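Protein sequence lines, in the order shown, are assigned to chains B, P, S, F, A and E.
Mapping of the first sequence onto full-length UniProt numbering: position 1 corresponds to residue 1, and the numbering continues sequentially without gaps.
Mapping of the second sequence onto full-length UniProt numbering: position 88 corresponds to residue 88, and the numbering continues sequentially without gaps.
Mapping of the third sequence onto full-length UniProt numbering: position 66 corresponds to residue 66, and the numbering continues sequentially without gaps.
Mapping of the fourth sequence onto full-length UniProt numbering: position 166 corresponds to residue 166, and the numbering continues sequentially without gaps.
Mapping of the fifth sequence onto full-length UniProt numbering: position 63 corresponds to residue 63, and the numbering continues sequentially without gaps.
Mapping of the sixth sequence onto full-length UniProt numbering: position 61 corresponds to residue 61, and the numbering continues sequentially without gaps.
Incorrect hints may appear among the rest.
[Stated by the list, open to error] Label pairs and their calculated CB-CB ranges:
#1 A:Ser18 - F:Gly151: 32 to 40 angstroms
#2 F:Lys222 - A:Ser18: 44 to 52 angstroms
#3 F:Thr173 - S:Ala109: 47 to 55 angstroms
By construction, these hints were calculated from the structure, which means they are not laboratory data.
Note that the structure is predicted; figures quoted are calculated from it, not measured.
For glycine and all other residues, C-beta sits at the position ideal for the given N, C-alpha and C.
There are 6 protein chains.
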Amino acid sequence: MAADRPSGRNADKMRDVSLEPGFAKYAEGSCLARFGDTHVLCTASIEDRVPPFLRNSGSGWVTAEYGMLPRSTHTRTDREAARGKQSGRTQEIQRLIGRSLRAVTDLKAMGERQIKVDCDVLQADGGTRTASITGSFVALHLAFQKLVQLGTLPSVPLIDHVAAVSCGIYKGTPVLDLDYAEDSSAEADANFVLTGRAGIVEIQATAEEDPFGDEPFFEMLKLARAGIAELVDLQKTAIGG
Amino acid sequence: MAADRPSGRNADKMRDVSLEPGFAKYAEGSCLARFGDTHVLCTASIEDRVPPFLRNSGSGWVTAEYGMLPRSTHTRTDREAARGKQSGRTQEIQRLIGRSLRAVTDLKAMGERQIKVDCDVLQADGGTRTASITGSFVALHLAFQKLVQLGTLPSVPLIDHVAAVSCGIYKGTPVLDLDYAEDSSAEADANFVLTGRAGIVEIQATAEEDPFGDEPFFEMLKLARAGIAELVDLQKTAIGG
Amino acid sequence: MAADRPSGRNADKMRDVSLEPGFAKYAEGSCLARFGDTHVLCTASIEDRVPPFLRNSGSGWVTAEYGMLPRSTHTRTDREAARGKQSGRTQEIQRLIGRSLRAVTDLKAMGERQIKVDCDVLQADGGTRTASITGSFVALHLAFQKLVQLGTLPSVPLIDHVAAVSCGIYKGTPVLDLDYAEDSSAEADANFVLTGRAGIVEIQATAEEDPFGDEPFFEMLKLARAGIAELVDLQKTAIGG
Amino acid sequence: MAADRPSGRNADKMRDVSLEPGFAKYAEGSCLARFGDTHVLCTASIEDRVPPFLRNSGSGWVTAEYGMLPRSTHTRTDREAARGKQSGRTQEIQRLIGRSLRAVTDLKAMGERQIKVDCDVLQADGGTRTASITGSFVALHLAFQKLVQLGTLPSVPLIDHVAAVSCGIYKGTPVLDLDYAEDSSAEADANFVLTGRAGIVEIQATAEEDPFGDEPFFEMLKLARAGIAELVDLQKTAIGG
Amino acid sequence: MAADRPSGRNADKMRDVSLEPGFAKYAEGSCLARFGDTHVLCTASIEDRVPPFLRNSGSGWVTAEYGMLPRSTHTRTDREAARGKQSGRTQEIQRLIGRSLRAVTDLKAMGERQIKVDCDVLQADGGTRTASITGSFVALHLAFQKLVQLGTLPSVPLIDHVAAVSCGIYKGTPVLDLDYAEDSSAEADANFVLTGRAGIVEIQATAEEDPFGDEPFFEMLKLARAGIAELVDLQKTAIGG
Amino acid sequence: MAADRPSGRNADKMRDVSLEPGFAKYAEGSCLARFGDTHVLCTASIEDRVPPFLRNSGSGWVTAEYGMLPRSTHTRTDREAARGKQSGRTQEIQRLIGRSLRAVTDLKAMGERQIKVDCDVLQADGGTRTASITGSFVALHLAFQKLVQLGTLPSVPLIDHVAAVSCGIYKGTPVLDLDYAEDSSAEADANFVLTGRAGIVEIQATAEEDPFGDEPFFEMLKLARAGIAELVDLQKTAIGG
């Protein structure tokens with residue numbers, strides 16, 4: 001399964017991935033997710049208040065925010081706080097992270113509280129949203145563990161793992177886990193968010209130039225499944241499971 | 001292929017769709033797209049200036065904006081102009097519309113000009129983004145036709161049709177073209193943007209509650225293909241082809 | 001009373017006006033107001049909450065918002081939601097619409113609730129604010145009728161009709177109901193908001209170039225009275241009265 | 001012509017008005033306009049750049065901005081700079097001031113430059129917009145005089161005076177120049193912007209409660225004419241004419 | 001102690017300073033502070049509500065806002081309300097004013113209420129922040145006196161005077177109370193906020209070009225002490241003490 | 001020189017400080033500055049464009065931006081990009097960092113280019129602004145070194161080191177380098193920005209509760225000098241000098 005990738009990786013080969021739990025000193029849960037040169041700091045903060053639409057519902061909420069340090073990128077990107085608003089891309093990504101985490105959270109069981117997950121990209125080399133989701137799951141799990149340790153919750157209200165990986169069609173070949181060099185010249189780009197039991201949580205597939213057919217799409221889905229399995233194993237180690 | 005849908009439609013049955021070209025008096029191209037009770041007015045406006053990153057490149061651009069009238073919805077939604085910003089959802093949708101149209105446009109052949117497509121939802125009953133894409137193609141085509149008629153372009157620089165439809169898993173069954181009643185209680189929701197020759201431009205599939213498996217996903221893709229074929233036929237009629 | 005108007009209309013001749021009630025499916029009251037090629041969709045939405053300054057006062061409130069679709073105009077206008085704020089013109093118009101409606105509403109009798117009227121211009125050919133006021137009255141009346149039908153209110157709390165029309169001095173002659181071609185080259189422009197019993201609610205008269213004298217001003221007021229009488233008749237038909 | 005006014009003034013009696021030229025040290029033209037306890041500082045600043053729509057047109061522009069000091073009012077008003085936007089009222093007023101000044105300015109003759117007039121309310125007791133217009137004319141005239149003294153312009157490009165005054169219907173009687181106590185309980189409120197030769201530049205008449213008839217409206221117009229004549233005399237003294 | 005200053009003043013000579021109490025008609029306390037051509041109107045407004053972090057604490061709060069009239073400066077400065085936000089400089093200054101006033105206020109003794117101080121620069125010739133602090137103290141004191149007169153407070157809850165003055169190193173010589181001509185070309189600039197008993201409340205010293213040594217810094221501190229003593233005497237007169 | 005500090009440090013003892021150069025992969029210069037548990041990532045980005053006021057001046061510019069990760073703090077802080085604006089505190093800090101760096105930069109010698117320094121707080125335990133300045137100097141120096149290596153500049157255009165440290169009066173005793181526990185209960189807080197040759201660049205001293213006298217102020221200045229000397233030594237090591 002050789003492929004002419006800039007990194008020399010095989011088509012089905014992910015970058016070196018590490019999930020470092022407890023990276024942030026103050027957060028209730030945290031994880032530094034590294035996918036090669038893409039580094040995302042994920043923190044989970046527990047808040048006692050839920051959004052207005054859930055008040056007195058007995059149900060909790062998980063939400064996410066995403067940001068990039070201005071010089072996480074090859075050339076400097078404007079600081080969103082200075083520009084006075086978050087870009088459409090930022091909002092799209094943080095909505096995706098939130099949805100992905102809620103898909104495996106038992107919102108009833110977590111009680112009427114909110115967990116805010118922050119994903120801050122320290123360094124970006126492609127795949128920041130998939131690294132964010134994968135690392136956020138660890139941060140979220142650790143925060144729930146803390147609530148269990150404190151006796152606030154009887155058990156961690158997560159019904160499965162969730163992780164994400166990107167695939168693409170690069171020089172005609174479906175490949176796993178695009179880095180920036182591949183991402184910027186791939187013919188197609190697809191993000192897969194899957195659970196530990198291989199359920200589909202979210203698929204976002206986009207033709208960058210020409211539309212693509214079913215065959216390469218199914219091939220990408222297959223690559224993603226294999227990648228996600230590796231990531232879930234790493235998550236298990238990180239959360240001490 | 002019966003299904004227990006609120007509308008009584010079969011699983012593979014779309015709502016009544018109409019694409020009314022030339023609805024707006026002043027726009028270079030326009031189309032009122034109706035998918036049942038979802039009505040979106042799509043207009044295409046030709047501008048001589050391209051965005052800064054394309055100046056002197058000889059290449060053109062197609063972009064889109066999306067909005068909802070405050071009372072297009074069952075209960076009134078705040079006006080985004082009054083709130084002072086577009087929501088993340090709005091930005092996500094307008095980016096999707098723009099990407100979909102560019103996927104079938106020959107940007108080089110259209111010359112150094114920009115076409116801005118506006119999709120304004122007059123009435124919303126689910127599926128506003130897919131109606132927007134489907135109607136926008138007609139508006140864009142008509143605007144290009146006008147440039148051909150004026151002798152500015154030798155031919156319409158569109159390499160294929162593009163249309164979109166949503167599918168969902170409703171009470172366990174994959175169904176085509178969700179209306180609001182289905183959308184708000186579906187287990188999964190997927191938007192497919194496909195070309196006239198059945199190439200994939202964009203897939204966005206989301207589990208609303210439980211993750212779903214491959215089988216229903218492939219079933220939805222199959223429903224979408226059939227629906228898109230119908231929509232492309234309607235587009236052909238609308239553009240006089 | 002001939003006048004050299006672009007449209008060929010006599011000085012005292014309004015454009016074809018239609019007030020189509022119930023145009024919007026979900027709003028409690030709605031009206032599509034057409035003054036020639038100027039088309040404004042007016043919807044009235046009932047809300048249970050009043051603004052803070054009226055809480056526990058027993059009194060209600062009527063307010064309005066106004067917007068234009070980007071391509072309602074001859075050349076595309078920037079979308080206010082994308083620019084992040086409403087223009088001064090927009091705010092001025094929506095304040096005027098709100099004041100005009102409140103002038104004929106018995107705020108005490110309507111109870112502690114709010115009606116928000118949205119005026120969205122689908123197509124603009126001059127006189128959008130006067131069409132908005134005239135159509136909004138119908139939408140508001142229909143919304144109140146619904147509250148009467150539901151038994152919530154004993155009767156419609158409107159003490160009179162209110163309608164509006166513009167006049168101008170065009171090539172030295174006072175004329176009724178300016179369209180865009182006249183508006184953009186008129187020497188003066190005046191908007192009259194009058195009641196069914198001919199009381200003055202609001203007069204806004206502006207010299208576009210040279211100041212004008214009393215005589216043409218009084219002449220415009222006379223034209224407006226006649227026009228308003230026609231509009232009130234159309235309103236009566238639209239509200240089923 | 002007695003009237004039961006809080007101030008004890010006759011119905012046709014203005015407050016004590018003074019127009020103090022040259023109040024601001026740095027502005028090219030300035031005037032402190034005092035209408036009783038309403039004090040507005042008007043400054044005119046000359047800029048070499050015109051707005052984009054006038055570039056290379058040979059024509060100039062006059063524009064205005066308006067603001068209130070937070071504690072110019074009886075109870076403190078929020079600072080607009082801190083709230084992050086100008087209210088609809090502020091924008092409406094500054095557009096009115098600009099239109100009024102342009103109505104008497106020969107924009108061609110002033111050359112391709114812009115004069116920005118700032119009206120800042122130091123103390124507010126009703127009628128701030130009319131005091132602003134009246135004082136702005138003096139500031140604008142002085143700024144033009146400076147250009148004449150410098151030899152930049154051959155003569156002051158103002159074709160007439162412009163001044164403004166409010167009238168109202170207070171306890172059933174038309175009265176001139178409302179102060180805050182009257183304004184807040186008047187049945188109607190009308191602002192008249194007239195020229196030195198009595199031409200109408202702008203009329204804004206609003207029923208605060210009940211619509212009013214022609215008779216009181218004409219009476220207010222008559223009061224305004226007399227008041228404007230007094231104000232024009234004061235302007236003449238202030239500009240040294 | 002001669003110095004080659006543009007104004008001809010000696011190095012230890014302040015500009016003519018006046019503190020005019022009661023300048024604003026409606027404010028509970030006010031003072032027009034003039035330092036030469038720098039004129040700042042300071043008003044103190046009493047509010048019954050404290051910020052959320054102090055609710056039910058029994059403690060009060062003093063805060064400040066700062067603004068400049070657009071043409072207070074030699075050339076016109078953009079209006080912050082029109083630009084839609086306060087500059088970093090504005091925020092820095094108003095935070096400094098608030099801190100300085102709170103340093104001499106017994107927040108417990110003033111009760112659970114807030115005083116908002118507004119400092120609006122009518123004319124700017126250097127040293128607007130120090131004039132603001134010096135004048136604000138007077139406005140604040142007068143507002144407290146009013147509460148004492150009303151019997152709301154037993155005594156004025158101010159534990160000392162606070163005043164401010166700038167110093168600089170101009171052409172190598174430490175000088176007191178910079179005006180704009182000096183400020184814009186000084187080698188260093190230092191603002192001193194001191195109490196009546198010579199305690200340090202705030203020191204902000206900045207090298208504009210080359211770093212400076214201890215000696216000139218101590219010299220500036222000495223000049224400031226003398227200046228502050230004069231200002232405190234003027235404050236005493238202004239507050240009737 | 002014992003002191004009853006929460007950390008057990010002596011009054012003149014700084015926290016463990018490390019300056020790790022080259023921490024960020026893409027930036028032209030970078031440094032991770034750690035002052036105990038306060039960790040700030042400083043990056044320097046070279047841009048070819050200068051701000052408008054310097055165009056064609058031959059002179060360059062150094063500017064800074066500052067931000068905190070939402071969960072860098074003990075409890076989560078709102079993300080400024082999501083709130084839509086930078087706080088006054090943020091703006092005050094980034095202006096200070098920029099001024100401090102420019103004080104030791106030969107802007108003429110650096111050529112017409114701009115260096116943007118970003119200081120992002122990964123973890124906050126007091127003293128983030130002083131850590132930012134100290135680390136930024138290293139990042140800036142490394143970026144200049146890169147320009148020297150490329151042959152773009154003949155030598156590094158920095159005329160001295162600049163570093164910063166905070167002091168405070170804690171339980172009556174002047175102490176060096178406050179951590180959060182001390183900072184939040186100190187009687188006074190002072191930031192000193194000094195050069196390698198001990199020149200004063202900036203002093204910001206603030207009484208948090210009671211004003212303080214000269215003696216403790218001079219004592220803090222002395223402590224700062226000693227601390228800065230240590231920091232400059234660490235900077236020398238970090239930049240390879």
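Here's how the hints hold up against the structure:
no. : hint                                    : verdict
1   : A:Ser18 - F:Gly151: 32 to 40 angstroms  : 38 angstroms, holds
2   : F:Lys222 - A:Ser18: 44 to 52 angstroms  : 46 angstroms, holds
3   : F:Thr173 - S:Ala109: 47 to 55 angstroms : 28 angstroms, violated
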